[in-house]
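Could you build the full structure based on these sequences and the hints that come with them?
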Amino acid sequence: MPRGQVSINGLMAGTLSGDVFLELLDDVLRQIGRQALPTTGVERRVVTVNSSDRVLQILAGPGAGKTELLVWRVLYELFVNETPSSRILVTTFTKRASTELEIRTVERVEALIRVARRRNLELADVRPHDLRIGTIHSLCDELLSEFDTSYLESGSQLVDEVETAVRIAREHRRKLGYNGGRGAKRVLDRLFENPAVVSLFRPPWFENGHWPATVADRVDAIEQLLAQHIETWMPRCMGSGRPNGIDSVHGGSVTPDLVKLYGRWDEYLREQNILDFATIQQRFVERQTAVADHVSHVFVDEFQDSNPIQFELHTGWLATKDIRLTVVGDDDQAIYRFRGSDIECFNQLGPFCFEKRIPFRLERLELNHRSTQTIVSFAHAFKAESALGAQSMAKTISAPEGTICGPSVRLLEGNWADLCTSVSAELSAFASGRHDNARPPSVAVLMFSTSERRSKFGDAPAVELRDALGARGIRMFNPRNKTAGHYDTPVGQLFGLISYLIDPISYAPAGKRGRTVMVCASDKEESRRQYAAVVPPAYPISLEHQAFQKHFFKANGGDIGKPSADRRDVVRLVDDIRSGLVRAATGSRRPRLTLSGFVARLLTTPFFRDSGYTEALFRQALFTKILESNIAPTRRTKKSLDQPLAVTLDNRKPEWDYSLWSFLSIFGTFLESLDDLEVEAFEDGAVPVLTFHQAKGLEFDHVYVAATGRPVDAAPALRTLLFSGEPAKYSVNADGSLQVRSTKACRLAAADRDRETYVALTRAKTSITVLSAVGHRRPYMMTSPAILSLFNESTRHPHRQVPRVDVAEWPHA
Amino acid sequence: MRDVIEVSYTGDLLAHRRCARAWVYEKHVGLHPYEQVQAMEGRLVHHAMEWMARRYLEDGRHVANDDLKVQLEKQFKVLWARGFRTSFSSKAETLNRIVNNLYCKSDLDPTVRAVVEGAQHSEYELRTVRKLIEADFGGKSKLLLTGVLDVVVQQQAPLTYRQEWYWVNRTTLEGDPISSAIAAHPGDLEIWDFKATRFRTPYKSDYVRQLLTYAALYRDQTGRLPERCVLFFVNEQEPAERLLSIALDDELLQLAVAWTLDEVRRLRQTVLTFQRRPQDVRGGTSDNKSRAGEGPIDDEQAHQCTACGQRFDCAEYHEYLGGPTEADVKRSNVFKN
Chain A
1 MPRGQVSING
11 LMAGTLSGDV
21 FLELLDDVLR
31 QIGRQALPTT
41 GVERRVVTVN
51 SSDRVLQILA
61 GPGAGKTELL
71 VWRVLYELFV
81 NETPSSRILV
91 TTFTKRASTE
101 LEIRTVERVE
111 ALIRVARRRN
121 LELADVRPHD
131 LRIGTIHSLC
141 DELLSEFDTS
151 YLESGSQLVD
161 EVETAVRIAR
171 EHRRKLGYNG
181 GRGAKRVLDR
191 LFENPAVVSL
201 FRPPWFENGH
211 WPATVADRVD
221 AIEQLLAQHI
231 ETWMPRCMGS
241 GRPNGIDSVH
251 GGSVTPDLVK
261 LYGRWDEYLR
271 EQNILDFATI
281 QQRFVERQTA
291 VADHVSHVFV
301 DEFQDSNPIQ
311 FELHTGWLAT
321 KDIRLTVVGD
331 DDQAIYRFRG
341 SDIECFNQLG
351 PFCFEKRIPF
361 RLERLELNHR
371 STQTIVSFAH
381 AFKAESALGA
391 QSMAKTISAP
401 EGTICGPSVR
411 LLEGNWADLC
421 TSVSAELSAF
431 ASGRHDNARP
441 PSVAVLMFST
451 SERRSKFGDA
461 PAVELRDALG
471 ARGIRMFNPR
481 NKTAGHYDTP
491 VGQLFGLISY
501 LIDPISYAPA
511 GKRGRTVMVC
521 ASDKEESRRQ
531 YAAVVPPAYP
541 ISLEHQAFQK
551 HFFKANGGDI
561 GKPSADRRDV
571 VRLVDDIRSG
581 LVRAATGSRR
591 PRLTLSGFVA
601 RLLTTPFFRD
611 SGYTEALFRQ
621 ALFTKILESN
631 IAPTRRTKKS
641 LDQPLAVTLD
651 NRKPEWDYSL
661 WSFLSIFGTF
671 LESLDDLEVE
681 AFEDGAVPVL
691 TFHQAKGLEF
701 DHVYVAATGR
711 PVDAAPALRT
721 LLFSGEPAKY
731 SVNADGSLQV
741 RSTKACRLAA
751 ADRDRETYVA
761 LTRAKTSITV
771 LSAVGHRRPY
781 MMTSPAILSL
791 FNESTRHPHR
801 QVPRVDVAEW
811 PHA
Chain B
1001 MRDVIEVSYT
1011 GDLLAHRRCA
1021 RAWVYEKHVG
1031 LHPYEQVQAM
1041 EGRLVHHAME
1051 WMARRYLEDG
1061 RHVANDDLKV
1071 QLEKQFKVLW
1081 ARGFRTSFSS
1091 KAETLNRIVN
1101 NLYCKSDLDP
1111 TVRAVVEGAQ
1121 HSEYELRTVR
1131 KLIEADFGGK
1141 SKLLLTGVLD
1151 VVVQQQAPLT
1161 YRQEWYWVNR
1171 TTLEGDPISS
1181 AIAAHPGDLE
1191 IWDFKATRFR
1201 TPYKSDYVRQ
1211 LLTYAALYRD
1221 QTGRLPERCV
1231 LFFVNEQEPA
1241 ERLLSIALDD
1251 ELLQLAVAWT
1261 LDEVRRLRQT
1271 VLTFQRRPQD
1281 VRGGTSDNKS
1291 RAGEGPIDDE
1301 QAHQCTACGQ
1311 RFDCAEYHEY
1321 LGGPTEADVK
1331 RSNVFKN
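Chains A and B, in that order, give the protein sequences.
Note that this note's numbering has the first sequence beginning at 1, numbered continuously upward.
Note that this note's numbering has the second sequence beginning at 1001, numbered continuously upward.
To be clear, the hints were calculated from the coordinates, so they are not data collected in a lab.
In this text, all values refer to a predicted model and were calculated from it rather than measured experimentally.
Note that the Cβ used here is the ideal one computed from N, Cα and C, for glycine as well.
Check before you lean on any hint, since a few could be wrong.
[Said to hold, decoys possible] Straight-line C-alpha distance at most 30 Å; calculated DSSO-like pairs for lysine-lysine:
1) B:K1131 x A:K625
2) A:K638 x B:K1091
3) A:K765 x B:K1131
4) B:K1142 x A:K95
5) B:K1027 x A:K625
6) B:K1069 x A:K66
[As the list claims (entries may be wrong)] Non-contacting residues of chain B with respect to chain A, defined by C-beta distances greater than 10 Å in every case (computed):
7) A1039
8) L1057
9) R1276
Dropping the structure here:
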């Protein structure tokens, strides 16, 4: 039966009409307990794909049901317009969102088939599984693999962010051009020594000293420079030859240096047949015309977070006459400028189409089906009171008629420790965060930063929250904790043991006048290296690995050579393995144990195995993931880290291949600010503590929001303007920080901050509690002035369980 | 918290049946094995069949064995770069074995020809969302079950199957292969699955249930009930044992789907046990009884255990080996990975 055709009682009945499709749609909605679409409402216009449609932009506020309508619009294209499913692309912002969309699509197709059969309609197989749903990077990879012969035949592969970072760390000196102050200045030396460049990318929490100083800093800087150059400057300026705004403001030759840097990185990627996330988009734009013949309709979710190259890519489809484009987004929820997205992409789609004479339709979904009336009103009041009000596109978000009013929005004020205690007490009442079969209401704590690192300010706020929740037996899931790679975690411990296998530290009389000191083969001092148990590496390596090894031995009262009782067995195992490898060096049998195999064995020792179902278990998995990212770049080389571990003997001392020393050198630099894996299993039964960015696209019954008033950081907005070729004015202070003079950059940055808070507030379905930490030393823990002003008229009363905390209720519920 | 259980038929459900312990460490926690040994040859076989079918659909002629070998060389490189390895044979041996199993000298094997010429779809994905009773599935209310049908075939010429699945007990879906002479007629719609193993594999019952479940999903999705399912044992040298025909009817499909849901429930139970205390999840078959009925691990399973990263403290594997002193599970043995 031809696609899209239907039969009634076995008789062919022509194609499924739009009207019948909408009737079936309403049947499905009623069946799943939702209301049918209003006959004259905007929802039907959104679902229906008119023959005249080229570009549809859907402005969808929070809770507007955009995913549901997007799915139905896709199904309309499949069942009514008979578009083959493999010709439909749906790009989502995250893998998780892709999975959600796939599930929803399968559910709705199955439901549609069921209700149709009840009417004796047999729908043709539209093969919904052939829809191309994924992140933009994965879709670019998929399409090039399928339709670009050279891409496929060269075995091109998309590598993830961790592997990209490892590759930059390994290659940036030789391939990209960095001397680090030794010899002639190369391209990266010039860029890193230019304060006008460095100040734009330096982390806002970095206060004093030289940046980028470490390998990890340099990798971070290179990644950011390349991404902003590829994703912003190339699409906006390269064609016209417009220089980077940095050159316009400060003079110099930043533009040619960045062009050179990109050229070298691109050359390296081509040699290796790999692509990183930024470059695959550029490569796709170059080949888009070859793919366009195989595409009919492109759907883009979260379009407000597009960057300029993605805008070029999405609008690039429109060069082919029959391709349709449907984009969905909300300008008030654009929060990814720090990663290069630009809200202008969302705002300029209409004018772009007008200029190109491409039919354009704008629809607004303004009903919030997610939240109570109170929450909808509060979010609206916040927007009006904040910097967002002046920037927002015209729309009126409201709750549908009949929505319950819900509890008042609360403000809890007090010192942070007391606020944590009050949150813990309230969550305990919800029975959240425990392993059992019951399903309590969903609760989340959302904060600007959920780092659990320690600093001169003391414990991070998220640490105090973890302690307070833990005191009541509540498990916390915090994937952005920045501590997963610390010395005491399995990541640090496993690395310490690899360091011990390759370069065991021992005590020897190598100090002045024969004093006993620690020695190892990678030591900087020759006098100490000669006492080491193994032959020193041929070239100097970074020394971070030693710290992990030392910490492993010294933990729990142990010392070098004398680990604490709980660690003795695992240390003995490493000794035995090293001895076995040394013995094999003089025998005829070649060892087969690899680095990964070594780690697999360590993980089955009681020291690691008995960690229970805790973060420790997931950090073991994180270690293996990072290990794989370090091994993968070496796989096609002669010095692969996948090869069996082997030592040779030099004057009876074991000697390792340099690839292992290089591995130690690079691996250590990545553990400084590592996050946990965002795995669903880890999240199961725990209370999520998420950053505002992580919370996007999610919803919870009860939401606690903290740290809404961080200082405005104008650097991301400034970068957008400068890499777009605009001469936005700024200067660099003596301490290396930015002095932004561009009012446009300041205005954009202020709105960016308030969008984050708006996203956090609109995640709530039933209640919002704003946590206002009084007198906290960390600047980002401040509360948004716009929020505080909304509670100006509210009276305060003591919290029931923690009386030191004041409670205020928003008076306009 | 997501309330969906995502289950891939082969990656999760069958893997869990073979060893719940290995599955839970790899799939639930993310401790991946250091070598993906078993997958290399299977992936190459599937790639070969899909590539041949696609080329035939596009060009209307069969690819030569030399062309296939060139294509497999490329695919081998891609898989190698992604960490896949061959088990106990070299690259050349692996590729030769695959090509020789698909061609008789330079001519396409008649069975392969029938599949390639009759292929309606190659790599047909099946997905379904089922509602679950939360209490039975640890608080999860939905299941996303995915599977990939290797190929849907519409026979172009008569073909005879010399092995047929005989149901010993339809209710429990237990059966055995018997010699037979089932004739496929032109126009018969069939679901085929390629197995890079030999006919004597003890997992035939699982494969049969898998195919019946796929047939049920295919019917629900397309409204068409296939004539039969066929297992193609690509590495089988005995021609009469390369194909196994499985007759089906609506009742069998219903039983197969129910069996699958029951396996999902067991899989979820493994997760809940693991969350309480990881050490409580046992190795070997999920019902703690191998097909030989002697213990949770049999000889076929042991081929996987010997390459498993979790074998060093696996009580069930130690028992199979006769004790933890075996070189295979001695942690300090550097002559084995």
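Now for the hints, and whether the structure bears them out:
1. At most 30 Å may separate the alpha-carbon atoms for a hinted pair to count; K1131 of chain B and K625 of chain A exceed this at roughly 33 Å.
2. A hinted pair counts as satisfied when its Cα atoms are at most 30 Å apart, and K638 of chain A with K1091 of chain B qualifies at roughly 17 Å.
3. As the CA atoms of K765 of chain A and K1131 of chain B are separated by approximately 24 Å, the hinted pair is consistent with the 30 Å bound.
4. In summary, the hint linking K1142 of chain B to K95 of chain A is supported, as the alpha carbons are separated by about 19 Å, within the 30 Å threshold.
5. Note on K1027 of chain B and K625 of chain A: the hinted pairing holds, with a Cα-Cα distance of about 13 Å set against a maximum of 30 Å.
6. About 48 Å separates the Cα atoms of K1069 of chain B and K66 of chain A, which puts this hinted pair outside 30 Å; it is violated.
7. Every beta carbon of chain A lies more than 10 Å from that of A1039 of chain B, the smallest distance being close to 15 Å; the non-interface claim holds.
8. For L1057 of chain B, the shortest C-beta to C-beta distance to chain A comes to about 14 Å, beyond the 10 Å cut-off, and the non-interface label holds.
9. Its beta-carbon lying about 7 Å from the closest one in chain A, R1276 of chain B breaks the requirement of being farther than 10 Å from that chain.
The earlier numbered hints that this structure contradicts are 1, 6, 9.
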